[in-house]
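Enquirer: Sequence:
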Amino acid sequence: MNEITEMLGIRYPVIQGAMNPISNPEMVAAVSEAGGFGLLATGLKELEAVRQEIKAVQQLTDKPFGINIQTWTPTALNLAKISAEMALSAVTLSAGSPVEVCDYLKDKGVKSLAVVPNVANAVKSENAGVDAIIAEGTESGGVQGRNSVSTLVLVPMVVDVVNVPVLAAGGIGDARGFRAALALGAKGVQIGTRFIASQECIAHPKVKTVLCQAKETETVLFAQSQRTLSRILRTPLVEKLLAAPDRFDRKTFTANQNEAWFTGNLDLGFVSFGQVAGLIKEIKSVKAIIEEIVS
Numbered sequence: 015m016n017e018i019t020e021m022l023g024i025r026y027p028v029i030q031g032a033m034n035p036i037s038n039p040e041m042v043a044a045v046s047e048a049g050g051f052g053l054l055a056t057g058l059k060e061l062e063a064v065r066q067e068i069k070a071v072q073q074l075t076d077k078p079f080g081i082n083i084q085t086w087t088p089t090a091l092n093l094a095k096i097s098a099e100m101a102l103s104a105v106t107l108s109a110g111s112p113v114e115v116c117d118y119l120k121d122k123g124v125k126s127l128a129v130v131p132n133v134a135n136a137v138k139s140e141n142a143g144v145d146a147i148i149a150e151g152t153e154s155g156g157v158q159g160r161n162s163v164s165t166l167v168l169v170p171m172v173v174d175v176v177n178v179p180v181l182a183a184g185g186i187g188d189a190r191g192f193r194a195a196l197a198l199g200a201k202g203v204q205i206g207t208r209f210i211a212s213q214e215c216i217a218h219p220k221v222k223t224v225l226c227q228a229k230e231t232e233t234v235l236f237a238q239s240q241r242t243l244s245r246i247l248r249t250p251l252v253e254k255l256l257a258a259p260d261r262f263d264r265k266t267f268t269a270n271q272n273e274a275w276f277t278g279n280l281d282l283g284f285v286s287f288g289q290v291a292g293l294i295k296e297i298k299s300v301k302a303i304i305e306e307i308v309s
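Residues are numbered in our numbering as their position in the sequence shown, beginning at 1, plus a constant of 14.
To be clear, the hints were calculated from the coordinates, so they are not data collected in a lab. Keep in mind it's a predicted model, so treat the numbers as computed, not measured. Glycine residues also receive a C-beta, built at the ideal position from the N, C-alpha and C atoms. Please note that the accuracy of each hint is not assured.
Pairs of lysine-lysine residues, derived as DSS-like cross-links and limited to a Cα-Cα distance of at most 25 Å, are as follows [what the hints assert, rightly or not]:
| hint | residue 1 | residue 2 |
| --- | --- | --- |
| 1 | Lys125 | Lys69 |
| 2 | Lys120 | Lys69 |
| 3 | Lys122 | Lys138 |
| 4 | Lys222 | Lys138 |
| 5 | Lys122 | Lys59 |
| 6 | Lys295 | Lys222 |
| 7 | Lys138 | Lys69 |
| 8 | Lys125 | Lys59 |
| 9 | Lys59 | Lys120 |
| 10 | Lys95 | Lys59 |
| 11 | Lys95 | Lys125 |
| 12 | Lys229 | Lys295 |
Derived DEER-like restraints, expressed as beta-carbon distance ranges [as the list claims (entries may be wrong)]:
| hint | residue 1 | residue 2 | range |
| --- | --- | --- | --- |
| 13 | Asn92 | Arg190 | 36 to 42 Å |
| 14 | Gln72 | Ala257 | 24 to 30 Å |
| 15 | Leu256 | Lys95 | 39 to 45 Å |
| 16 | Lys69 | Lys229 | 21 to 27 Å |
| 17 | Glu60 | Glu305 | 33 to 39 Å |
Model the full structure from these sequences, guided by the hints.
Expert: Below, the structure written as structure tokens:
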């Protein structure tokens, strides 16, 4: 037991990062059943859809799990209310100020863990009252801030300035990364990309195959907005957008993301992989992945 396993009521200090739109209930439940902490991604989903996904996980496991709340969204506080109503033990907060949501969660006894890209945000999150910090380096897949730094640099710097437990995220996909995170002072890890190549993940089989064949250099940071970047796999569509960024349309981009994840059509869409993709060579069960990581 350590601070994270005790806080979350889990066996291993391993959180499965929320990945929209592929954090399906089956994978989330499998992570929790294997001793980790599964997370549903909420994004901009309708509140009722989130409720139904939570119910689906609860039907598959009685182990602790949570949701990720992007605090910039207009539904953030309502998602916090759903978390409390449906007896979730903890949630992760990202992409915005955690203050309002954190205050509500603390009042309801729900633990909050803030995902941060730099030291300044870690300090702000601790001051807001979060229970733990997830220090996420720029190696990670998906959306990240423009002021991100590498996991190796970020984690010890955050550990040095906050008094709450810190987890490491970004670039972790096996036991070596897990042990390295602990050596940096982290009390646990959050892992996303490795779980895409799991038997339980809803991503199309072609996407999983591409992940297992990808090199560490085959991801790119794409400017999704003036404030955010997104680490994604290079695809024909992405190459076109990089060549002509003025033609970028956010709605089309999101639609193409779903197209790629669920049909495997990477000629028309894109998928988010972290740089750790280069380390992933095999599709395994969630249980096998977690056991390997903590071995």
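Enquirer: All the hints need checking, so say for each whether the structure fits it.
Expert: Here is how each hint holds up against the structure:
no.: 1; hint: Lys125 to Lys69; in the structure: holds (19 Å)
no.: 2; hint: Lys120 to Lys69; in the structure: holds (23 Å)
no.: 3; hint: Lys122 to Lys138; in the structure: holds (21 Å)
no.: 4; hint: Lys222 to Lys138; in the structure: violated (37 Å)
no.: 5; hint: Lys122 to Lys59; in the structure: holds (23 Å)
no.: 6; hint: Lys295 to Lys222; in the structure: holds (10 Å)
no.: 7; hint: Lys138 to Lys69; in the structure: violated (33 Å)
no.: 8; hint: Lys125 to Lys59; in the structure: holds (22 Å)
no.: 9; hint: Lys59 to Lys120; in the structure: holds (24 Å)
no.: 10; hint: Lys95 to Lys59; in the structure: holds (15 Å)
no.: 11; hint: Lys95 to Lys125; in the structure: holds (13 Å)
no.: 12; hint: Lys229 to Lys295; in the structure: holds (10 Å)
no.: 13; hint: Asn92 to Arg190: 36 to 42 Å; in the structure: holds (40 Å)
no.: 14; hint: Gln72 to Ala257: 24 to 30 Å; in the structure: violated (46 Å)
no.: 15; hint: Leu256 to Lys95: 39 to 45 Å; in the structure: holds (40 Å)
no.: 16; hint: Lys69 to Lys229: 21 to 27 Å; in the structure: violated (40 Å)
no.: 17; hint: Glu60 to Glu305: 33 to 39 Å; in the structure: holds (36 Å)
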